[in-house]
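A.B. asks: Residues per chain are reported as follows:
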Amino acid sequence: MEVIKAIPLNHYILLSAVLFAIGVMGVLVRRNAIIIFMCIELMLNAVNLLMVAFSAHHGDGKGQVFVFFIMAVAAAEVAVGLSILIMIHRNTETTDVGFLNKLKF
Amino acid sequence: MKALLLVSGLGFLGILSEILNFKKFIYKLSIVGLLAAIVVTFLEWDNPTPAYFNNMVYFDNLAISFIAVLLITGLLWFLMAESIFENDGLQSDKSTLVLFSIVGAVCMVAYNNITMLFIGIEILSICMYVLAGSKKESLGSNESAMKYFLMGAFATGFLLMGIAFIYGASASFDVMEIKAYMSNSPQNIELVYTGIILLAIGLAFKISAVPFHFWAPDVYEGAPIQVTALMSTIVKTAAIAAFYKLFTVSFGSQEIVWSTTLSYIAALSVLIGNIIAVFQSNVKRMLAYSGISHAGYLLLAILANNAAGGTALTYYTLAYSVATIAAFTVVANVASVKGSSDFTSFEGLGKKNKLITISVIVSMMSLAGIPPFAGFFGKYFLFTSYLENHSINLVIIGLIGSAISIYYYFRLIVNLFKGESDEVIPLSLTSKIVLIIAIILTVAMGIFPEIMNGGW
Amino acid sequence: MTHYAFYFLSFLAILSALMVVFSKNPIHSVLYLVLTFFAIAGHYLLLNAQFLAVVHIVVYAGAIMVLFLYVLMLLNLNVDAEPKNKTWVKVAGVLSGGMLMLTLIATFSKAETQALVQKDPSIGVTANLGKILFNDFALPFEISSILLLSAMVGAIMLSKKEAKN
Amino acid sequence: MKELVWLVPVLPLIGFLIISLGKNYFSKSIAGILASVAVLGAFVISLGIFFEMNGLHGKAFTLVLFDWISTGDFKVNIAFLVDPLSSIMLLIITGIGFLIHLYSMGYMHDDEGYAKFFSYLNLFVFFMLLLVLGDNYLLMFAGWEGVGLASYLLIGFWFKNHSYNDAAKKAFIVNRIGDLGFVLGIILIYITFGSINYATVFGEAVNLTSNMPVITAITLLLFVGAMGKSAQIPLYTWLPDAMAGPTPVSALIHAATMVTAGVYMIARSNILYTLAPETLGFVAIIGAATAVFAATIGIFQNDIKKVLAYSTVSQLGYMFLALGVGAFTGGVFHLMTHAFFKALLFLGAGSVIHAMGGEQDIRKMGGLKKYIPITYMTFLIGTIAISGIPPFSGFFSKDEILAHAFQVSPLLWGLGVLGSLMTTFYMFRLFFLTFFGTFRGTEEQHHHLHESPKTMTIPLIVLAVLAALGGFIGVPHVLGGNHWLEHFLAPVFKASEVFAHGHKLSHTTEYVLMAVTVILTIVFILFARNKFVSKNYVPSTDDSKLTFIPKLLTNKYYVDEFYNTIIVKPLNGLASFTYKILELKGINLLVDSVGKLVVFTSSVVRKVQSGNTGFYILAMVVSIVVILIINLFNK
Amino acid sequence: MITTALLFFPLVVGLLLFLLKGETVKKVALGASIVEFLLGVVAFVNFNKGNGLPQYELNIPWIKSLGINFHIGMDGISLLLVGLTTFLLPLIILAANRNSYKNPTNLYALMLLMQFGLIGVFTAQDAFLFYIFWEVALIPIYFIALLWGGEQKVKITFKFFIYTLAGSLLMLVGLIYVYFQTPAPHSFSLTSLYELELTNGTQSWLFWLFFFAFAIKMPVFPFHSWLADTYTDAPTPGTMLLSGIMSKMGVYGAIRLLLPIVPQGIMEWGPLAITLAIIGVLYASLMAMYQKDYKRLIAYSSAAHVGLIAAGVFSLTHNGMVGGVIQMVAHGISAFGLFYVVDILVNRTGSRDLDKLGGIRVVAPNYATAFLIILLASIALPLTSGFVGEFLLMAGIYEYNSWLAFFGGLTTILGAVYMLKSYQKAVLGDKTEISDKFHDLVLQEKIILIPVILAIFILGVYPKPFIEIAEPAVKNLFSLMSITIK
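Going down the list, the sequences are from chains A, B, C, D and E.
Heads up: the first sequence begins at 1 in this note's numbering, then just goes up one per residue.
Heads up: the second sequence begins at 1 in this note's numbering, then just goes up one per residue.
Heads up: the third sequence begins at 1 in this note's numbering, then just goes up one per residue.
Heads up: the fourth sequence begins at 1 in this note's numbering, then just goes up one per residue.
Heads up: the fifth sequence begins at 1 in this note's numbering, then just goes up one per residue.
No lab work stands behind these hints: they were computed from the structure.
Here the structure is a predicted model, which means the values were calculated and not measured.
Note that beta-carbon positions come from the ideal geometry of N, C-alpha and C, so glycine has one too.
One thing to keep in mind: the hints can contain errors.
[Said to hold, decoys possible] Taking beta-carbon pairs under 8 Å as the criterion, some of the chain A residues facing chain D (in silico):
| no. | residue |
| --- | --- |
| 1 | R31 |
| 2 | L103 |
| 3 | K104 |
Here chain A stands alone, though its shape is the one from the complex:
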């Protein structure tokens, strides 16, 4: 697959940066915890993509292996995050992050 040569590494970096920033933006503008979780997943995926690109660039498999670990972590986080969400929903009937502001100052 020689053709890929045409694409500068830079573009991968920019692509992940954009995806990452979109994820961040999502976290910032949304109040629904589930959507926020998803945006965080998006951020992690941007990182994954970057890792794979670097891995390919260096011709080094470690980057891809690292992506596995990120996936594992993502899965674990989602599991825990969603169970927290369920727990909260059970107590408060809401998934609104803005609702959680009793602890302050």
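Given the structure of chain A, go ahead and fit chains B, C, D and E onto it with the hints provided.
C.D. replies: Then chains B, C, D and E, alone, in the frame of chain A:
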């Protein structure tokens, strides 16, 4: 290494206890196990072959000291937290999570590969997210877990981004290889810069340094007291140890990149942490802010960028952890009787509760950094290590912070002697043991500050 | 051709990512996210990371997103019931997100201009990855079990209903 | 005998210690006897020393007891210097002191603080002896402040009465003002000469030239001390108030001995003063001014002791006038004669008061002559002596002073004579109002009138003899004497002779001056007699009828009020301002506001922690962006 | 050896006291302090007066990696202050005996710990050790004031603690800085710090770091605002410790650290420091004049005296320095005495308000006499303890600047004003209701006052032994300074 395995095993035992129905013993088992782990750890001192598993982990003396700090803290924590392992169907879950979090912390301390660091951070974080929410019916606990999780996961994103950039530049996750790469005038300077900064941000979040500290007060306040104790000791110790290793070993030669940023973060942490702590009415929250300011002090060790910083860090984290555990032990006991951990709950306790009084005095003075208690030497070592090759400005800010901190630490002491009260706070045997050990350790470390200065 | 594929996938990923953020219905967000994942999987394929691409689809689209959907259904959140953020919060969010993007772009726009060259196209092959994973990364791999285990224990602990006494 | 000089101060000290520590263990009469014996012992030794000194022709002798303060090049011993000046002072102090002790045994007989009184008297004698015996300025200063303390204790002897306490306090504080000058003077001496030993200082001073600023400064500072202790303008106000103490105290401390310490000090430092003619001029002016000023006040006082007090101030002024015109011998001479006749007058006044049952207002006395004849006679002698009628002692000493004053400036002489005439007038006014005319007191007092007991009259008689004849030790050459005192003291003043210049008066001038003075004095006596005996004038008790000048003088020129307005009140105001405004509203507030600022900042900054996760994350992102941007530009 | 004993004996006993209960505590504490005093006497007797260098040394490594040694020893100045501490403590303990404080165990233990800290400060020969003891001494007194203080105790002790601690933190900065200036391996030992040759610019700012710490402790104007409240509010034993001994720590610190380490800084800023000290003297005297509360009055008078000591020390003259050292001892004794007689007053009458007191001499002549003697010592009457030091101080200040001496000397007048005024108001006058509650000194009070009065006269009449002890150390100090002054 053995300690890592031992504690992991203990964690698995915790799960097994649920299945095999020996929940009742898991608490005592954990304590015995941790004791054994401490012994085992010390046996590994001056390990001739510190690297294990293809350089994944590296148990040199610094790591071992940190592990010792973690395990001692963990042991003290188990002793103080006896009450959360009672009358609750969740004790095996909790002990498992705590033990696993210690495993994660050990990984963070002994890592020699960023993968291990990352996984360690995540193990620790996930356990903490859960533990923060372990008081399921309490809204505070729920909120605490949610906030912690949301922000933790969010910060993880930045951390990972940083790792990715570093990998992109150096093509490696190995601490030593990155070090080699960094010291030979790296190309891809943008990747290096951004990577280091993002890593710093991610780790600063973990040690709750300003401006990434927002989670800490709310989470500390909402979480069950015992969990807060765990968060403010083990998490902080592990994170700062990881931070130290990464930045002084891997990025030590690129000090110019991160020193300014971290200096500002440290200064802000010290000032803002201390200043906001002044106005708190809840002791837990006050300790959270104090924890933020201590994060600032801890950063000095990283900024020092030398071996003395590491030594200072081990000393400081132990001193800080011991004093914090003692403080939380008292807070937990008082709160369980009085129903709240506000300052007012402590009023008049100085009259009839000798042990509590002495513990509060000793731990608060140690946290405030007043000689001859351990906290003073901790700060002192940090400052001197920093001053070995840096100017004095940051130290002065640290001292200003110290002066402010006296205000709120002493407020607790003063509260003990306010008003008249004959109330006696019952202390369980384990709490007493914790307090006595903490007092002895805090004083002994002050009198013999060299005990932590084994050569490495 | 891959050239075009790259830009198409990039466009798709960014667009669907934006849709994730701005969809009003959570279900739609989930579906857009799945779409994003597919686009990213396409990128993996372009980068010769076939195994990873598959795992990616399986884990993210297959497991994680299903979990999301499941929770959405469980909590009956499929309607747009999210309270609106204040406008300035949204503007601030978008602005700071945009600033982050711009900063990163500004940082890297001149960074690595050389084209991405696959030095070793076979690294993405399962066997190679397996070698790395089970030789060098054996310990992290094992420790991951603890991660997953604790996540499991935690998830169970938090989501299980207490017996009211 | 001179080796026993240490016993002279130590005997009264022992007396003081025994009485003050043991007064509960023995009867009070023993206390009086013990005290008197101690002073008598000192007197006997002093006599021995005096005769020895007379035989030695002024060869000084120093007895070093031990190191007091010695560090670096600053060395001060507890050491006693015996020379003509100190030996004569010893005699005056112990002699008159003994007589007054004796007198007090009668006078204080019924007082509940009898033993305490004697212990204080002994303490005073001890300090006074220390003052004159010290061989250095610091030891003199120790005695100087010590007598101040004794004076404080004795003025406030009847401590239940707050106005007495006020007087005591005033005496101490005004003295302290002078003492500050004295201390600074001593320090300056030390800095200039490297020592404060008389021997060293005077030895070196001889080699100095006249008119050096530093010497002027030293002498002025020392003189400030003298102003306080010897009640000169402007620091004299404490002395009239000091009459609050028991009368023997007034006699001993506030007339005969302590107040003359300033004179002694300047006489002792004569060489320094001679080197500073400007200071001498100043001393003379102050002395003359005080002499006249106090005398004018004396004319209108109606309290028997107050009259004597102002007379004392006035007479002290004479002594300083003497010193100021370089007549050191004259100063000491007058010091001595004044000690005799003023002690006599005070004791006589005490006897009168005793007889009157405590009454001190001369307007309520009168005609006492026949009731208390001994007192009357002795008082008459004292009055004549103070007026300067020959051959009573006051004449000789006063004449010597006036003669020297004339030498320097006729104006000073004029002032001196004016003061002297006023003295004559008010003393005879006092005398006539008290002893002549009809009795103006109450019936009860009338019944009570009686002559004082022997212990009181004997000292009166002895002093009367001294007051009458004491002047013969200094009969001037012009009157055919050989001025024994001058010869005796010559070694002390020898050094300053070198610097003294000015022409000797011709005998004719001296005769004229003497004649003028004496005649005028007699005129004034007659005037007083005319007014108070023949016309039976008694000053009104109603002050409101007074015209301007008498009112001004009755109220002592309102000096106390003046000081009160310009010093005491502003000082209190300043204190109040310092505390209430500067301290509480200023420094305290400033310091506290640092703390408050922190708390306030805390209360504001903590609002950032709003509890809103979205905001937290936003803040984090913004921070990250900022950090990245900063690093972007910093690269 | 004897330094070690002097240092640790009170610590050991103090800690043991926490374990005891009841009446034995008082006896043990008193006994221990007397034993400590005897140790002090032994040290005094065996002291080599000719030598200005530290004696009775103990020097063992403490924190090797940072060049910190546990190095203690006493030169003349230390010895005098240690002697003062050991002399006063039995008296303070005895004085505290009469008042029935709650939890006496803790009080006595804290007093002994305080002694430990104070002796530590006075004997430390290592700058770091000095700092440690400096803080250690602060803790017991803080708790004494906090636990047994008056109504405002919380606020006041807080201010006191933070204020003094903030000052000492600055000193710590200075110490760390000079530590890094020592040749590697860095050392904190005083001798190596003394040998430093710092540039003038450095000394200029280092001066302030040290000066603040010491100025607050003394306190020097305008850093005094903690003083009056703390002195007034603290329980009398605490006040005695504070004014009798602790206020000397500041001056001692200046002598031990400030002068020899930054002599050039003193050359530069000494005029300002000495002026501040003199302003403080007058300022405190003026404030004392206004006070109605007797304890507060003495507090301000104490500040005035310490200010004069500071001025004398900063005059950098031999006489000023020796006078300062002697006056530290003398003032310690008279301040203790004054607070004690006032404590008796308060104890019997329940009032410290001068306007409400009076007529006490009628019923208590012995008390009045003792009071007067101590008061006279405080206003520096010759032949009492206050005079020797004050005269030397004045001489020293005069050598420096005559006007300063004049203004400083005004305090002798103002001192007489407020002291005599207060004495008159409190003690003199006719019988009042207050005086009916009063009775004369009892045996225990006599036991306390007699040593004080004896000490006052011994110091006043025969100060030679004390001066002889102080002098070589002072000379040594000056020689150290001249080494460093280039």
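A.B. asks: Could you run down the list of hints and mark each one as holding or not?
C.D. replies: Hints and how they fare:
no.	hint	verdict
1	R31	7 Å, holds
2	L103	6 Å, holds
3	K104	3 Å, holds
In summary, the structure agrees with every hint in the numbered list given earlier.
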